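Enquirer: Taken in order, these protein sequences are the chains called F and E. The letter at position 16 of the first sequence is residue 16 when you use our numbering, and the numbering goes up by one with no holes. The letter at position 176 of the second sequence is residue 176 when you use our numbering, and the numbering goes up by one with no holes.
Mixed in with the good hints, there may be bad ones.
[What the hints assert, rightly or not] Straight-line alpha carbon distances no greater than 30 Å define the calculated DSSO-like cross-link-like pairs of lysine-lysine that follow: (1) E/63 - F/98; (2) F/143 - F/56; (3) E/36 - F/407; (4) F/10 - E/63; (5) F/36 - E/437; (6) E/408 - F/36; (7) E/56 - E/10; (8) F/389 - F/437; (9) E/98 - F/10; (10) F/143 - F/36; (11) F/63 - E/98; (12) E/10 - F/56; (13) E/455 - E/389; (14) E/389 - F/36; (15) E/143 - E/357; (16) F/22 - F/5.
[Stated by the list, open to error] To be clear about the criterion: a stretch of chain F counts as covered by chain E if any three or more of its residues have a C-beta under 8 Å from a C-beta of chain E, and this derived list gives those stretches: (17) 32 to 46; (18) 50 to 64.
Source of the hints: derived by calculation from the structure; they are not laboratory data. Small disclaimer: the values here were computed from a predicted structure and weren't measured. For glycine and all other residues, C-beta sits at the position ideal for the given N, C-alpha and C.
2 protein chains.
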Amino acid sequence: MKGEKALPPKGTRDFGPEVMAKRNWIIDRIREGYRKFGFSELQTPAMENLSVLLGKYGLEGDKLIFKILNSGQYLGKDKDDGISSSDLERGESAVTKKISEKGLRYDLTVPFARYVAANHNELSFPFKRHQIQPVWRADRPQKGRFREFWQCDADTVGSSSLFSDAELIIMAHEILFSLGIDNFRFLINHRRILEGVGELCAPNLELSQFTGTLDKLDKIGKEKVFEQLQLQGVEQQGIDFLDRYLDFGDMGEIEQVFEDKSPESALAAGIQDLKRIISLVENGSQNSRLVFDPSLARGLDYYTGSIFEIVIPDSGIGSICGGGRYDDLTGIFGVSGIPGVGLSFGLDRLYEYFESKNLFPENTSGSPEFIVCHVDRGSMEGAWTLWTKLSQSGISGFVYPESAKIKKQFQYADRNNIQFVIVVGPDEIEQERYSLKDLRSGEQFSFSTEELIEKIHG
Amino acid sequence: MKGEKALPPKGTRDFGPEVMAKRNWIIDRIREGYRKFGFSELQTPAMENLSVLLGKYGLEGDKLIFKILNSGQYLGKDKDDGISSSDLERGESAVTKKISEKGLRYDLTVPFARYVAANHNELSFPFKRHQIQPVWRADRPQKGRFREFWQCDADTVGSSSLFSDAELIIMAHEILFSLGIDNFRFLINHRRILEGVGELCAPNLELSQFTGTLDKLDKIGKEKVFEQLQLQGVEQQGIDFLDRYLDFGDMGEIEQVFEDKSPESALAAGIQDLKRIISLVENGSQNSRLVFDPSLARGLDYYTGSIFEIVIPDSGIGSICGGGRYDDLTGIFGVSGIPGVGLSFGLDRLYEYFESKNLFPENTSGSPEFIVCHVDRGSMEGAWTLWTKLSQSGISGFVYPESAKIKKQFQYADRNNIQFVIVVGPDEIEQERYSLKDLRSGEQFSFSTEELIEKIHG
Numbered sequence: 001m002k003g004e005k006a007l008p009p010k011g012t013r014d015f016g017p018e019v020m021a022k023r024n025w026i027i028d029r030i031r032e033g034y035r036k037f038g039f040s041e042l043q044t045p046a047m048e049n050l051s052v053l054l055g056k057y058g059l060e061g062d063k064l065i066f067k068i069l070n071s072g073q074y075l076g077k078d079k080d081d082g083i084s085s086s087d088l089e090r091g092e093s094a095v096t097k098k099i100s101e102k103g104l105r106y107d108l109t110v111p112f113a114r115y116v117a118a119n120h121n122e123l124s125f126p127f128k129r130h131q132i133q134p135v136w137r138a139d140r141p142q143k144g145r146f147r148e149f150w151q152c153d154a155d156t157v158g159s160s161s162l163f164s165d166a167e168l169i170i171m172a173h174e175i176l177f178s179l180g181i182d183n184f185r186f187l188i189n190h191r192r193i194l195e196g197v198g199e200l201c202a203p204n205l206e207l208s209q210f211t212g213t214l215d216k217l218d219k220i221g222k223e224k225v226f227e228q229l230q231l232q233g234v235e236q237q238g239i240d241f242l243d244r245y246l247d248f249g250d251m252g253e254i255e256q257v258f259e260d261k262s263p264e265s266a267l268a269a270g271i272q273d274l275k276r277i278i279s280l281v282e283n284g285s286q287n288s289r290l291v292f293d294p295s296l297a298r299g300l301d302y303y304t305g306s307i308f309e310i311v312i313p314d315s316g317i318g319s320i321c322g323g324g325r326y327d328d329l330t331g332i333f334g335v336s337g338i339p340g341v342g343l344s345f346g347l348d349r350l351y352e353y354f355e356s357k358n359l360f361p362e363n364t365s366g367s368p369e370f371i372v373c374h375v376d377r378g379s380m381e382g383a384w385t386l387w388t389k390l391s392q393s394g395i396s397g398f399v400y401p402e403s404a405k406i407k408k409q410f411q412y413a414d415r416n417n418i419q420f421v422i423v424v425g426p427d428e429i430e431q432e433r434y435s436l437k438d439l440r441s442g443e444q445f446s447f448s449t450e451e452l453i454e455k456i457h458g
Numbered sequence: 001m002k003g004e005k006a007l008p009p010k011g012t013r014d015f016g017p018e019v020m021a022k023r024n025w026i027i028d029r030i031r032e033g034y035r036k037f038g039f040s041e042l043q044t045p046a047m048e049n050l051s052v053l054l055g056k057y058g059l060e061g062d063k064l065i066f067k068i069l070n071s072g073q074y075l076g077k078d079k080d081d082g083i084s085s086s087d088l089e090r091g092e093s094a095v096t097k098k099i100s101e102k103g104l105r106y107d108l109t110v111p112f113a114r115y116v117a118a119n120h121n122e123l124s125f126p127f128k129r130h131q132i133q134p135v136w137r138a139d140r141p142q143k144g145r146f147r148e149f150w151q152c153d154a155d156t157v158g159s160s161s162l163f164s165d166a167e168l169i170i171m172a173h174e175i176l177f178s179l180g181i182d183n184f185r186f187l188i189n190h191r192r193i194l195e196g197v198g199e200l201c202a203p204n205l206e207l208s209q210f211t212g213t214l215d216k217l218d219k220i221g222k223e224k225v226f227e228q229l230q231l232q233g234v235e236q237q238g239i240d241f242l243d244r245y246l247d248f249g250d251m252g253e254i255e256q257v258f259e260d261k262s263p264e265s266a267l268a269a270g271i272q273d274l275k276r277i278i279s280l281v282e283n284g285s286q287n288s289r290l291v292f293d294p295s296l297a298r299g300l301d302y303y304t305g306s307i308f309e310i311v312i313p314d315s316g317i318g319s320i321c322g323g324g325r326y327d328d329l330t331g332i333f334g335v336s337g338i339p340g341v342g343l344s345f346g347l348d349r350l351y352e353y354f355e356s357k358n359l360f361p362e363n364t365s366g367s368p369e370f371i372v373c374h375v376d377r378g379s380m381e382g383a384w385t386l387w388t389k390l391s392q393s394g395i396s397g398f399v400y401p402e403s404a405k406i407k408k409q410f411q412y413a414d415r416n417n418i419q420f421v422i423v424v425g426p427d428e429i430e431q432e433r434y435s436l437k438d439l440r441s442g443e444q445f446s447f448s449t450e451e452l453i454e455k456i457h458g
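Let the hints inform the model, and build the full structure from the sequences given.
Expert: Structure representation (structure tokens):
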């Protein structure tokens with residue numbers, strides 16, 4: 001069982017003290033931002049019924065849901081209840097149905113929608129919630145892709161007000177500033193603009209087909225996207241339109257070029273919404289990083305209004321946040337008429353970014369402030385008494401619990417990133433003055449108990 | 001899908017904003033205590049390999065582990081890899097082996113042991129960690145028993161020093177005081193005392209058999225325990241000894257009665273350890289709630305030294321915390337020589353206790369401080385501008401995002417426990433003075449922006 005067998009499952013990770021302190025440093029700032037803007041916390045269970053999860057993420061998504069074996073006698077008490085040889089013939093999907101009713105959540109949106117549907121009579125709308133929890137996907141593990149990872153969601157539901165879009169955008173700015181990130185670009189587009197462009201450029205395609213192809217721009221480039229559209233029957237004139245559209249730097253240009261072509265169109269409505277959102281954001285923030293990105297499509301059909309993504313140029317990572325407006329959160333659960341807007345920060349990507357650029361501040365460690373060491377076994381009792389006094393004053397620390405060479409105790413303090421080392425020996429106990437070493441500055445003092453407290457309290 | 005189908009799986013719960021705020025209030029205090037005493041945070045994945053989990057919790061425990069279906073083609077590419085009809089004949093355990101390699105963690109101790117075993121070369125001992133995460137058990141759900149619940153563990157490993165036992169005990173006191181609980185009893189006993197008593201009373205039994213029977217005292221009472229011991233072949237003289245032992249109020253009495261019978265025994269060693277721990281705790285805390293409890297046995301064979309449980313008399317709930325010393329954390333993972341001492345608070349029980357006794361403070365809600373309302377659609381822009389100024393000053397709140405009757409907006413503020421309601425109308429915008437209502441005190445003011453900030457900052 002030694003060695004590799006004591007590792008966590010493939011694609012999952014242990015987070016030791018140092019990593020946890022850094023992750024918490026990020027989470028605390030995200031959560032603080034969410035709370036400041038009035039998004040209260042929700043947590044849902046790790047497990048959901050498969051009836052809730054399946055069919056929400058496409059066929060590919062269904063396969064990536066971790067399914068949980070029914071507990072107890074899942075083969076049934078009677079042999080006929082269980083897996084039959086014809087189930088075995090038909091394969092996994094037939095067998096799974098017989099033996100699994102629950103799965104691990106795949107994202108935070110579907111459990112949130114389920115929660116809102118189950119509680120819509122008690123909730124007061126607009127309902128603003130945040131949720132910071134792990135999600136699980138049975139993806140093939142690879143660098144930067146995990147089977148357990150954290151999402152940090154915030155949504156306002158039960159309102160179609162563009163105030164809510166703008167508020168989320170301002171909040172995301174403020175969170176990133178509080179993390180010390182200010183070189184980000186907040187890319188924004190609008191589904192109805194894409195719809196309008198789609199009507200003009202590719203009238204033969206469904207919107208989801210059009211945006212689905214457009215969404216590949218980042219990965220395969222403009223030429224390949226055009227080729228695919230041509231294969232899908234889009235005419236040359238449409239491709240030319242699209243080419244021009246993709247080069248637009250601001251919405252004014254779109255209006256100039258397209259407005260007369262469709263004055264009452266989805267395009268006009270999208271442009272109007274987006275202008276309003278941008279104006280609200282710029283009214284509310286002197287440091288807007290909003291950039292209109294005509295190519296931003298976001299794959300999910302779910303979105304119906306504004307769509308956005310936050311990227312850090314030259315960071316080597318994808319978007320660190322994405323979101324948008326949708327007009328029906330809970331229809332899948334039989335409750336209609338609940339629109340909303342939301343965003344999600346990816347904790348693991350942010351962590352990777354901070355780590356790779358060495359951006360974490362020095363003092364995230366969460367280490368205790370002091371440790372009491374002792375020069376010999378006989379001084380341990382005195383060390384204990386001193387510790388209890390320091391601890392009762394509210395400062396954080398402990399006594400090195402074993403009798404050990406003082407050098408070893410100092411090494412321990414150093415490895416655990418503890419700033420203040422107090423040394424207790426027979427002389428110190430007699431004189432009630434203790435030696436204090438500040439491992440950061442290298443300074444050394446001789447202090448009474450009161451002076452120690454004052455020094456460490458800072 | 002409406003109604004019951006939108007509920008979380010049986011035995012699991014959604015935690016809405018109000019419940020989350022209260023749970024966080026408890027967790028924050030536990031975590032603050034753990035950190036103050038130098039226990040840094042560890043998190044392990046929800047999933048563990050079954051090779052790690054199985055065999056650690058007894059046969060009954062193995063059944064209660066939630067098992068996860070292997071992802072992808074778990075029946076194998078070749079039909080012979082998968083479940084055979086003879087597997088089906090043999091039942092669940094044979095089938096499970098073929099299709100499941102991972103399970104959800106059942107407690108935090110085994111994942112912690114796995115982590116220490118995997119990282120023992122890099123960790124600096126004594127290693128002090130805390131871990132606050134959910135665990136999952138496929139128990140039959142019933143009142144107060146859930147399939148997903150939270151444990152809050154703290155352990156010091158790599159040290160056999162009794163300082164560590166005493167430190168944990170003082171920490172638990174401090175955490176409970178910080179939660180406003182001071183009517184608890186901290187029951188303590190020692191495995192070696194039980195071993196000594198077992199040698200004297202029931203020399204024919206294994207220690208685990210003896211403590212296993214003793215552990216039923218709470219549930220079935222003294223007479224029934226004695227009956228069972230007699231059936232196990234314990235002699236009347238032994239039962240009489242045990243009867244006397246169980247009535248002891250302090251360790252002094254045990255020494256008087258038993259000392260001469262076994263001067264060099266496990267009993268003497270246990271008494272010595274326990275006296276030392278109690279003296280260290282009383283040296284370190286003026287408010288010790290330590291009570292020697294001769295009947296405390298704790299079922300797990302795992303413990304080898306001090307054992308303890310915290311109970312609140314007349315609370316109607318079981319113990320809210322338990323723990324003890326063990327001499328081999330990681331032997332099961334092939335790494336020996338790592339003793340330790342740990343404890344675990346049960347978050348869900350603490351929550352139930354606070355809720356049932358109405359002990360939560362009023363201000364756990366985590367609601368934002370203010371909301372900006374508007375008397376008509378035309379005032380929404382002005383409300384937005386005012387909000388951006390207030391928000392930039394650091395106070396938390398938002399604009400009611402929809403155009404609505406002012407009464408509805410006040411009701412919303414009230415239901416969401418928001419203290420300050422600011423009302424913006426055409427007059428307020430012109431005069432740049434806004435009406436502020438304090439929903440807690442009922443007071444009403446007319447304030448400039450600066451005065452608003454000052455008032456709300458408090």
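Enquirer: Could you run down the list of hints and mark each one as holding or not?
Expert: Quick rundown of the hints versus the structure:
no.: 1; hint: E/63 - F/98; in the structure: 19 Å, holds
no.: 2; hint: F/143 - F/56; in the structure: 26 Å, holds
no.: 3; hint: E/36 - F/407; in the structure: 24 Å, holds
no.: 4; hint: F/10 - E/63; in the structure: 24 Å, holds
no.: 5; hint: F/36 - E/437; in the structure: 20 Å, holds
no.: 6; hint: E/408 - F/36; in the structure: 23 Å, holds
no.: 7; hint: E/56 - E/10; in the structure: 26 Å, holds
no.: 8; hint: F/389 - F/437; in the structure: 18 Å, holds
no.: 9; hint: E/98 - F/10; in the structure: 18 Å, holds
no.: 10; hint: F/143 - F/36; in the structure: 34 Å, violated
no.: 11; hint: F/63 - E/98; in the structure: 19 Å, holds
no.: 12; hint: E/10 - F/56; in the structure: 21 Å, holds
no.: 13; hint: E/455 - E/389; in the structure: 14 Å, holds
no.: 14; hint: E/389 - F/36; in the structure: 14 Å, holds
no.: 15; hint: E/143 - E/357; in the structure: 17 Å, holds
no.: 16; hint: F/22 - F/5; in the structure: 27 Å, holds
no.: 17; hint: 32 to 46; in the structure: holds (count 11)
no.: 18; hint: 50 to 64; in the structure: holds (count 4)
Hint 10 from the earlier list is the only one contradicted by this structure; the remaining hints agree with it.
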